[in-house]
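**Student:** Listed here are the chains, written in short residue letters.
Number of protein chains: 2
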Amino acid sequence: MEDNLELIKSIAKTSPSKIVLLVIDGLGGLPDPETGKTELETANTPNLDKLATKGVCGLGDPVGLGITPGSAPGHLALFGYNPVSFSIGRGVLEALGIDFNLQSDDVAARGNFCSVDEMGLVTDRRAGRISTEKCIELCQLLDGVAIEGIKIFVCPVREHRFIVVFRGDGLTTNISDSDPQQTGVAPMIITAQSPEASRMAGIANQFIAQAKTTLAEHHPANMVLLRGFSTQPHFPTMGETYKLKPAAIAGYPMYRGLAKLVGMQVLETGTTIEDEFTTLEQNYANYDFFFIHIKGTDSAGEDGNFNQKVRIIEQVDKALPDLTSLKPDVIVVTGDHSTPALLKGHSWHPVPVLLYSKWCRSDKVSEFSESACISGGLGRFSATQIIPLAMANALKLNKFSA
Amino acid sequence: MEDNLELIKSIAKTSPSKIVLLVIDGLGGLPDPETGKTELETANTPNLDKLATKGVCGLGDPVGLGITPGSAPGHLALFGYNPVSFSIGRGVLEALGIDFNLQSDDVAARGNFCSVDEMGLVTDRRAGRISTEKCIELCQLLDGVAIEGIKIFVCPVREHRFIVVFRGDGLTTNISDSDPQQTGVAPMIITAQSPEASRMAGIANQFIAQAKTTLAEHHPANMVLLRGFSTQPHFPTMGETYKLKPAAIAGYPMYRGLAKLVGMQVLETGTTIEDEFTTLEQNYANYDFFFIHIKGTDSAGEDGNFNQKVRIIEQVDKALPDLTSLKPDVIVVTGDHSTPALLKGHSWHPVPVLLYSKWCRSDKVSEFSESACISGGLGRFSATQIIPLAMANALKLNKFSA
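Just so you know, the sequences run in chain order G and S. Under the working numbering, the residue at position 260 of the first sequence is numbered 266, and the numbers go up by one with no gaps. Under the working numbering, the residue at position 153 of the second sequence is numbered 159, and the numbers go up by one with no gaps.
For the record, the hints were derived by calculation from the structure and aren't laboratory data. Worth double-checking, as some hints may not be accurate.
Partner residues aside, some chain G positions facing chain S, computed with beta carbon under 7 Å [what the hints assert, rightly or not]:
| id | residue |
| --- | --- |
| 1 | Thr243 |
| 2 | Glu246 |
| 3 | Val272 |
| 4 | Gly383 |
| 5 | Phe387 |
| 6 | Ala398 |
| 7 | Phe406 |
| 8 | Ser407 |
| 9 | Ala408 |
Distance windows between CB atoms, simulated [as the list claims (entries may be wrong)]:
| id | chain 1 | residue 1 | chain 2 | residue 2 | range |
| --- | --- | --- | --- | --- | --- |
| 10 | S | Lys350 | G | Asp105 | 47 to 55 Å |
| 11 | S | Asp175 | G | Asn404 | 32 to 40 Å |
| 12 | G | Pro201 | S | Glu12 | 46 to 54 Å |
| 13 | S | Asn289 | G | Val90 | 15 to 23 Å |
Computed list of chain G residues with no C-beta within reach of chain S, every gap over 10 Å [claimed, not checked]:
| id | residue |
| --- | --- |
| 14 | Lys24 |
| 15 | Thr74 |
| 16 | Asp123 |
| 17 | Arg164 |
| 18 | Ala192 |
| 19 | Ala198 |
| 20 | Gln212 |
| 21 | Gly269 |
| 22 | Lys324 |
| 23 | Asp369 |
| 24 | Ser377 |
For every residue, glycine included, the Cβ atom is placed at its ideal position computed from N, Cα and C.
Okay, chain G solo, but in the shape it has when bound:
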């Protein structure tokens, strides 16, 4: 796949044409056993159906058949980056999720507040899932210390989850986790996995020792577990690779963070679909690629709220004319993965993809749905090919060889 990026890079060209990638998070679903229809099939979507009629449809697999993607791999695939080769450390992912302004050499780790007994053995890796309020309070106790000249930030995420960020010169990530991933044992001593990492291991162990002391009287959250020490990866940007000038319109930090990692300009926007489409219109002249992220569908799916997911899809459909009236040369509507309300979580099911352009070679699909997309002209394909396909339809790719 890196090879494919090299191939795309070698044939990419700039042009005034514009591409809009509308990502309806967790779009794909599973049928309600009573109606036999998925969330997307239940929703009344005249505008999406009209676009599907004019466009070409298919089913995309973000990672591979049977693989349930997290948000990061799901989006990296949509941006054309093989999510298996382009990985993001756990600490960095959590930092992106809370909009922490990571600097280039910062080392971030995912933290859990946990419970240990008087022998120091872990009894609960999640400290009874303490409240987010409690998490915020405890993070304040740990935040802002310095060890050997290294500044340490501790920021709450949700419930027992937090991040630790180490900032200073000469840090590395090549150290082991302290999280033993099981109870009944002690947290693990962090060890250097290469000689130059010994100082970093020492700093992390000192932080943990200090945290243990600070938290001693805060049972059930009387200890911390750290894992996924990582720095921000340096991915080739979409500008370098595709010669695009890309912008991201997303209300949630994680997606803004992922967009930044591939070099998109993150635009200020609001939290509603209408806000996002207004931001698109206001910035339409200044970029040739727009990633727009709709979060509500995934949240509703995660909550198991079938009807709420249907409602959000209908809201997107209702707002769609604000997007199509701008007449982008290429419009892609898809999701980063499926989130069936029945499964209350992400799933491995392929995701409906709709591509419209003047040159798309339309198929007979006249409804944007999982079952109709099966017979679409795009067939079933890797979601990493959406960007090359969109660029081809925008006439932004030269011929490969003679």
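Fit chain S to the supplied structure of chain G, relying on the hints for placement.
**Tutor:** Below, chain S without anything else, positioned relative to chain G:
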């Protein structure tokens, strides 16, 4: 893909069964906005439709979704060779295109006649696209010189395009281009990219210096630009890899040249479809694989001549009984890429594929067309898999492992 070739090689076996691969160049198209039908859908093709009814259909991608293939990668894919790994240098490609009889160690480069001003800066990389007659005349002025014992051939291609072939001992290709790919700058001095290439760089620079002198009074074609220095690649032959005895029937040099590169025997033939099918009949007993190339569809597509492309497809259909009456065990009809008349050039759209054999497990497709092939039993797949599929249908592949 090289891995896949190794797999096929390990299970290939010889048998008396015969495979015919009929390549209708640039077969895939886009619908006429008035009728909603592509060239193939507009053409009256009772024989192809009958074969589609008995056979199994699908859509093939020569390189990947969104990638528009040149003729060389399009054909290499059809011959089962991954066109990204098996690349052919630009100089060699041009030489194949004019039937230049390249010898094994010849170094070929693509040349442009260009215009330079009195400062020596390039003002037009194509010398105002001089006529082919002028190109022939200028090539005669440059042809046949020798530098340091190296014989140099200069042969016209078309308009401003020509090839230079260097023949002699100790030549290498590891040198840079002189074509700066932009105007307003001087042609670049060719440099060695490894120590042993310095002699070759010197010879190329001397050739360019002599050409500059010779062309001084021939404005707008008063200089040359060279690029893509390359030797004929050594690909594994279809005989070695597939244990086939393959023959090529093609009226145009480029396709004969590509067939030679994968070890096909190139048969003498005429320029019409009927000529080619007669050649097939005359040589039918002597080979077990035939590649037949129909050029007219691609030329019509490149010219934007929708109706002419329709007519050529109808000619192929009319002549088809001459092929089917030979009763090949396997017949594949497809293209090397799409060339929609509406785009006046090659495109990225997948190509209809029809495979007929006694063992093909037929689908419900009863019409050979882009839209019908979407629902075909072959699905959408990489065109590099056509040869293994054809061999399997010819019972020329053993079981893989036990």
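**Student:** None of the hints should be skipped; say for each whether it holds.
**Tutor:** Against the structure, the hints:
Below 7 Å, beta-carbon pairs count as interface contacts, and Thr243/G has none with chain S, the closest being about 19 Å; its hint is therefore violated. The interface hint given for Glu246/G is broken, as the beta carbon of that residue sits about 18 Å from the closest beta carbon of chain S, more than 7 Å. Look at Val272/G: its Cβ only gets to about 26 Å from chain S, farther than 7 Å, so that hint breaks. Interface restraint check for Gly383/G: the shortest CB-CB distance to chain S comes to about 5 Å, inside 7 Å, so the restraint holds.
Among the interface hints, the one on Phe387/G holds; its C-beta lies about 6 Å from the nearest C-beta in chain S, closer than the 7 Å criterion. Taking 7 Å as the C-beta cut-off, the interface hint given for Ala398/G holds, the closest approach to chain S being about 4 Å. Annotation: Phe406/G was flagged as interfacial toward chain S, and the flag holds, the nearest CB pair being 5 Å apart, inside 7 Å. Interface hint status for Ser407/G: upheld, as the beta-carbon distance to the closest one in chain S is roughly 4 Å, under 7 Å.
About 4 Å separates the beta-carbon of Ala408/G from the nearest beta-carbon of chain S, less than 7 Å, and the hint is met. Distance hint check for Lys350/S and Asp105/G: the Cβ-Cβ separation is about 48 Å, which falls inside the suggested range of 47 to 55 Å. For Asp175/S and Asn404/G, the Cβ-Cβ distance of about 37 Å falls inside the hinted range of 32 to 40 Å, so the restraint holds. A beta carbon spacing of about 41 Å between Pro201/G and Glu12/S contradicts the range 46 to 54 Å that was offered as a hint.
A beta carbon spacing of about 48 Å between Asn289/S and Val90/G contradicts the range 15 to 23 Å that was offered as a hint. At roughly 17 Å from the closest C-beta of chain S, the C-beta of Lys24/G stays outside 10 Å, upholding its exclusion from the interface. Separation of Thr74/G from chain S is adequate, the least Cβ-Cβ distance of about 23 Å exceeding the 10 Å criterion. With 10 Å as the threshold on Cβ separation, the claim that Asp123/G sits away from chain S holds: the shortest Cβ distance comes to roughly 53 Å.
No beta-carbon of chain S is positioned within 10 Å of the beta-carbon of Arg164/G; the least distance is around 38 Å. With a least beta-carbon separation of about 46 Å from chain S, Ala192/G lies farther than 10 Å from that chain, consistent with its non-interface assignment. For Ala198/G, the non-interface assignment is confirmed: its Cβ lies about 37 Å from the closest Cβ of chain S, beyond the 10 Å cut-off. Listed as outside the interface, Gln212/G is consistent with that label: its C-beta sits roughly 49 Å from the nearest C-beta of chain S, beyond the 10 Å cut-off.
In this structure Gly269/G is separated from chain S by more than 10 Å, as the shortest Cβ-Cβ distance comes to about 20 Å. With a cut of 10 Å on Cβ distances, Lys324/G stays outside the contact zone with chain S, its closest approach being about 29 Å. A cut-off of 10 Å between C-beta atoms contradicts the statement that Asp369/G is not in contact with chain S; the least separation is 6 Å. Listed as outside the interface, Ser377/G is consistent with that label: its C-beta sits roughly 14 Å from the nearest C-beta of chain S, beyond the 10 Å cut-off.
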